[in-house]
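S.K.: Here the UniProt record's numbering is used: the first residue of the sequence shown is 1, the next is one more, and so on.
Quick caveat, the hints were computed from the structure, so don't treat them as lab data. As the structure is a computational prediction, the values presented were derived from the model and not from experiment. Some clues are possibly wrong.
Unchecked claim - Derived DSS-like pairs (lysine-lysine); straight-line CA-CA distance at most 25 angstroms:
#	residue 1	residue 2
1	K282	K206
2	K282	K455
3	K438	K448
4	K438	K455
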Amino acid sequence: MARKNESPAVQAPPEPGDEYPEKVRILAEGRLVSDRLWNADLAPARQRNWRVRSLFALWMCDVHSIAGYTFAAGLFITGLVGWQVFLALVLGITLVYFLMNFAGTAGQKTGVPYPVLARMSFGLFGANLAALIRALIAIAWYGIQTWLASEAVLVLLFSVWPQLTSLDGPDVPRILGLTPVGWAAFLVLWAVQLLVIRRGMETVRKFQDWAGPAIWVAMFALAIYILTQAGNKFSLSIPGVAPLDGPAALTQFFSAIALTVTYFAALLLNFCDFSRFAPDRKTILRGNFWGLPVNFIAFALVTVVVTAGAASYFSADQYRGQDMFKVITDPVAIVQAIKNPWITIIAAVTFVVATIGINVVANFVSASYDLANVAPHRIDFRRGGLISAVLAIVILPWNLFSSPVVIVYFLGGLGALLGPLFGVIFTDFFRIRHQRCKVSDLYHEDEKGLYFYTKGWNLKAIAALVPAAVVAGVLALVPALQTFLPGGSGLGPYSWFVGAILASLIYYTITRNDPRTVRARTEEHD
Numbered sequence: 001m002a003r004k005n006e007s008p009a010v011q012a013p014p015e016p017g018d019e020y021p022e023k024v025r026i027l028a029e030g031r032l033v034s035d036r037l038w039n040a041d042l043a044p045a046r047q048r049n050w051r052v053r054s055l056f057a058l059w060m061c062d063v064h065s066i067a068g069y070t071f072a073a074g075l076f077i078t079g080l081v082g083w084q085v086f087l088a089l090v091l092g093i094t095l096v097y098f099l100m101n102f103a104g105t106a107g108q109k110t111g112v113p114y115p116v117l118a119r120m121s122f123g124l125f126g127a128n129l130a131a132l133i134r135a136l137i138a139i140a141w142y143g144i145q146t147w148l149a150s151e152a153v154l155v156l157l158f159s160v161w162p163q164l165t166s167l168d169g170p171d172v173p174r175i176l177g178l179t180p181v182g183w184a185a186f187l188v189l190w191a192v193q194l195l196v197i198r199r200g201m202e203t204v205r206k207f208q209d210w211a212g213p214a215i216w217v218a219m220f221a222l223a224i225y226i227l228t229q230a231g232n233k234f235s236l237s238i239p240g241v242a243p244l245d246g247p248a249a250l251t252q253f254f255s256a257i258a259l260t261v262t263y264f265a266a267l268l269l270n271f272c273d274f275s276r277f278a279p280d281r282k283t284i285l286r287g288n289f290w291g292l293p294v295n296f297i298a299f300a301l302v303t304v305v306v307t308a309g310a311a312s313y314f315s316a317d318q319y320r321g322q323d324m325f326k327v328i329t330d331p332v333a334i335v336q337a338i339k340n341p342w343i344t345i346i347a348a349v350t351f352v353v354a355t356i357g358i359n360v361v362a363n364f365v366s367a368s369y370d371l372a373n374v375a376p377h378r379i380d381f382r383r384g385g386l387i388s389a390v391l392a393i394v395i396l397p398w399n400l401f402s403s404p405v406v407i408v409y410f411l412g413g414l415g416a417l418l419g420p421l422f423g424v425i426f427t428d429f430f431r432i433r434h435q436r437c438k439v440s441d442l443y444h445e446d447e448k449g450l451y452f453y454t455k456g457w458n459l460k461a462i463a464a465l466v467p468a469a470v471v472a473g474v475l476a477l478v479p480a481l482q483t484f485l486p487g488g489s490g491l492g493p494y495s496w497f498v499g500a501i502l503a504s505l506i507y508y509t510i511t512r513n514d515p516r517t518v519r520a521r522t523e524e525h526d
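Put together the whole structure using the sequences plus the hints.
M.R.: Below, the structure written as C-alpha cells:
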C-alpha cells in the first residue's frame, strides 16, 4: 500500500511484442487492463519532472493573454474604481488558488489525467460524458482564440504596412467567411500550435518555460511605455464611466470576484492533466502560489496601470478618434492606437506566443486527453490533438464568435456544466473516498471493480449532475436574471458556485452510505 504523499507504484515491466515500446501494463488482480480504457498517454504518469518553475510558467502562459487582459480591464467599465477592481481580482485569485490545490492534489496522488480521474465518480464509461463536455468547450475556444489572435496580428501588421490592407478589404472574395490572407494568418497560428502539442507533454513544458517569462517582459514594456506617455495625466478614473457606490458597488464587487473564479473554471477541472507530472504535493502548492496569487496579482497591477494609463493618455490630445472603451479593454487596440511600428511588431509576436500559451494550457491538452479517453485503443494524445485541431477548423470559429446565440446559449450552456462536474468529481475524491484510489480498477472492466457501477456508468453521479446543471444553466442563461441587482449585475456570475455546491451536496447525500462507497474506503488501494 502506498504511504501518504507517495505516488502509487502501479507499473509493471513492458511485455514482449508490445505495440508501444514504452508501454507499461497495469496489472489488475492477474488480468491485463482493457484496451478500451488504456493507452500509454492515459496511464499514470511515469515521469514526474514538472517542478515549481514549470507550474509557474504554466500559469504565466494561462494568465498573460489577450483574453486575460480583456477580462481584467473590462471590470473597469462596470463602474468599479481601480482599487476595487484590484481587490476583487486579489480575492478571486486567492479562492482560485485554494480550489486549484484541490484539483492538483487529485492529479498528483493518482498520476492520471482528468478523463481517467472522472472514471472514479462517473464510471469507466460514464466518464466519457464528463470528458466530452470539457472537450467541446476546449475545441470551440481553441478555434475562437486562434482566430482572434490571427485577426489581431493582421490588424497590427496592416497598421505598420497600410498597403497590405487591400488584401483583406470588403471587396476581397471570402472563402467560408475569411479572405485568403485571413485564412493564411489563421492556418499559420493553427499549425504552430499543432506542432507544439504533437511533440507531447514534455515539449509543452519546455515551451511554457520560456513563453511565460517572455510574455511578462512584453507586458512590462507596454506598461512602462503607457505610464511614460500618460505622465502627470495618469488617473484611476475611467472617462465616461460613473463610479458606483453603496449597494451597486457592492454587488458589482462580488460579481467581479465570482467572475475571476469562473474565468479559471475549465482549468479547475483538468489541472490534473498537468499536476500528475509533479513529484509531490509541495511542488504543486509552491507552483500554484507563485503562478496564481503572486503572478496574477502582479498581472492585475500591470492591467490596472495599462488600462488607467491608456484611458488618461488617449483621452487627451493623443486620443486619435479611437473608441475609448475599445482602447482601454483591448491590448490590440492600445498597440494600434500607439502607432509605433517597432512596438506593433513586438506586440504581434507577443500576441502569437500568448495565444499559443493559453490555448495549449486551457484547451489543447484537455481536448487531446478527452478525445483519447473515448477510444484509447485508436486515439492517443497526439491523434486526439490532431482531431481537436481539425475540428477547430471545421466549426468555423469566426462564425461561432459572430453569433451571440451560439456564444451565449451553446458555449454558455456548456460552461454552466463545469461547476456541477467539479462538484461531483472532487466531492467523490475528497469527501467520499478520502483521497483513496485503486488505480488499477480505473483500467479494467471487471464488474467487481470499484468503478464499474452499472455497466460502466455511475447513475448517482448523473443524478447529481443533471439538476445542478439545470439550475446553473438557468442562472447563466436566463436574461431576466442577469441585470436585476443594484448596479446592473445579476446571478449569472455565480452559476459556477451554485452548480458546484448543489452537485456536491446532492452527490454526497445519495452516495455517502452506498455499500460500494464503504468498500472503497476499506479495500486496499494502489
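S.K.: All the hints need checking, so say for each whether the structure fits it.
M.R.: Hint by hint, here is what the structure shows:
As the CA atoms of K282 and K206 are separated by approximately 21 angstroms, the hinted pair is consistent with the 25 angstroms bound. With a C-alpha separation of about 38 angstroms, the suggested pair K282 and K455 falls outside the 25 angstroms cut-off, and the hint is violated. Proposed proximity of K438 and K448 is supported: the alpha carbons are some 13 angstroms apart, at most 25 angstroms. For the proposed pair K438 and K455, the alpha carbon gap of about 18 angstroms is at most 25 angstroms, so the pair holds.
Against the hints set out earlier in the document, a violation occurs for number 2 only.
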